[in-house]
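J.: In case you want the letters, here they are:
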Amino acid sequence: MRILVAEDDAVTRRILQVAVERAGHECAVAADGEQAWALYLRLAPDALISDWMMPGMDGPELCRRVRSDEERGYCYIILLSALTDRDHVLAGMRAGADDYLTKPLQPRELDLRLIAAARVTELHRRLAAQRAELERLSAEHYEDARSDALLAIGNRRRLLEDLSGLAARTERYGHAYCVALCDIDNFKHYNDAFGHPAGDAVLQAVARALVRTCRRGDTVYRYGGEELVVVLPGQDLASAVMAAQRLRAAVEALAVAHPGNPPADVVTVSIGVAPVGEADPKDPAALLRPADAALYRAKEGGRNRVEVAGEAAKHHR
Amino acid sequence: VPMTPATGSAPSGTPEAGEQSADGAARPPVFDRAALEALRELLGDDRELLTGIVSLFVSETDERLTAIRAAAASDDGDALRSAAHALKGSAAALGAAGLAALSADLEQLGSDGRTEAARARLGELDAAFTGAREALQVEVAERVA
Numbered sequence: 001m002r003i004l005v006a007e008d009d010a011v012t013r014r015i016l017q018v019a020v021e022r023a024g025h026e027c028a029v030a031a032d033g034e035q036a037w038a039l040y041l042r043l044a045p046d047a048l049i050s051d052w053m054m055p056g057m058d059g060p061e062l063c064r065r066v067r068s069d070e071e072r073g074y075c076y077i078i079l080l081s082a083l084t085d086r087d088h089v090l091a092g093m094r095a096g097a098d099d100y101l102t103k104p105l106q107p108r109e110l111d112l113r114l115i116a117a118a119r120v121t122e123l124h125r126r127l128a129a130q131r132a133e134l135e136r137l138s139a140e141h142y143e144d145a146r147s148d149a150l151l152a153i154g155n156r157r158r159l160l161e162d163l164s165g166l167a168a169r170t171e172r173y174g175h176a177y178c179v180a181l182c183d184i185d186n187f188k189h190y191n192d193a194f195g196h197p198a199g200d201a202v203l204q205a206v207a208r209a210l211v212r213t214c215r216r217g218d219t220v221y222r223y224g225g226e227e228l229v230v231v232l233p234g235q236d237l238a239s240a241v242m243a244a245q246r247l248r249a250a251v252e253a254l255a256v257a258h259p260g261n262p263p264a265d266v267v268t269v270s271i272g273v274a275p276v277g278e279a280d281p282k283d284p285a286a287l288l289r290p291a292d293a294a295l296y297r298a299k300e301g302g303r304n305r306v307e308v309a310g311e312a313a314k315h316h317r
Numbered sequence: 318v319p320m321t322p323a324t325g326s327a328p329s330g331t332p333e334a335g336e337q338s339a340d341g342a343a344r345p346p347v348f349d350r351a352a353l354e355a356l357r358e359l360l361g362d363d364r365e366l367l368t369g370i371v372s373l374f375v376s377e378t379d380e381r382l383t384a385i386r387a388a389a390a391s392d393d394g395d396a397l398r399s400a401a402h403a404l405k406g407s408a409a410a411l412g413a414a415g416l417a418a419l420s421a422d423l424e425q426l427g428s429d430g431r432t433e434a435a436r437a438r439l440g441e442l443d444a445a446f447t448g449a450r451e452a453l454q455v456e457v458a459e460r461v462a
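As you go down the protein sequences, you meet chains A and B in turn. Counting in this note's numbering, the first sequence runs from 1 upward without gaps. Counting in this note's numbering, the second sequence runs from 318 upward without gaps.
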């Protein structure tokens, strides 16, 4: 272990240093609390052996500082005290010490303490490693649960979470935002004609086109099946409609042959655009209903077009 | 109660009335051979190390005695307590039990601000140090021989 000794008396400090080194450990020494704290920060020792009474920062204060540090691994603290200072030992343990040693130092006593210290620091090391691994797995799982494996974009769960967050912000700050609900036209025909792997490739191409075409700050999600949603924060309805037109054109420009989708005969999307207002926090999906209704009209109106919620069948072709 | 210098060869185990410290506890012997043996074991019976530590003790104690005398003379209880505390630790570490006990008394007197009472024991302190130093030098020399 790497051990730091904090002791203001030079004789005791020297004896401790020799004893620690003889026990097979690395030893750094400090003559007062301030120096010990600086060395602790630099060396991140496995164990600290600290005198109780030191000029400046004393043992208990050093204990508290070490315990409040969360950046370094666990440091096992052994407090040194005279045999007569039992009250100090109690206060020291309360300040965060793990164990104590009485002065004058007895042979074997230090060795015993250091065996316990090695065991405890090893346990803490393992715990910290396990916790880091758990956090990593949990973050990974969190990410997996919110992304679409095929399209590598956010899925329905992430969309609904993000919509709830945006709705809350809208209420608080009055930000306007819109959603564009996009559906690949006659996608079932495409799958039937070319098979699901080809259908997956079309989904990927369309998602890429949407991601490429939308502005920074806009986000594309897979809502389900062949439905994709673009969330357009901070846009009024007029600019959202222009954005949706660009998205629609970008998909058509891919020029992926789709004989089952006349009259374009290439892969196209229909888009329903809606401003999003106040949300029921328990039902963020309700936010998408106006866009869904507009999308329905776009399909009815002949597909490959943009429709706006709440407006009459005014085509934005 | 008349003060008897603790540096006298007090027989261990049977302290006399004159060798009671202020709180009534029995005075330890001038030199605690067991403590020194413990230290030897701790250091791995390394002669050079022990010699080095004894000289460190001697030079440190010289400084501490100067500090204690200055603190007692200037009625600085805090400085007295702190210097006596430090001396107590190193003296006990080397088995200089008489010196350690006397330092503990002085530490308490410093805490209580009784610097005048401390001044009355400075001679005792010097004698205790001389006794401890000689005993330690004999011990170290014995190992060399």
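Among the clues, some could well be false.
[To be verified] Derived coverage of chain A by chain B (criterion: at least 3 residues anywhere in the stretch with Cβ under 8 Å from a Cβ of chain B; other residues may be distant):
| # | stretch |
| --- | --- |
| 1 | 7 to 14 |
| 2 | 102 to 108 |
| 3 | 176 to 190 |
Derived by calculation from the structure, the hints in this document are not laboratory data. For clarity, every value in this text was computed on a predicted model and none was experimentally measured. The C-beta atom is built at its ideal place from N, Cα and C for all residues, glycine as well.
J.: Evaluate each hint against the coordinates.
T.: Status of each hint after checking the structure:
no. : hint       : in the structure
1   : 7 to 14    : holds (count 6)
2   : 102 to 108 : holds (count 5)
3   : 176 to 190 : violated (count 0)
Of the hints listed earlier, the one the structure fails to meet is number 3.
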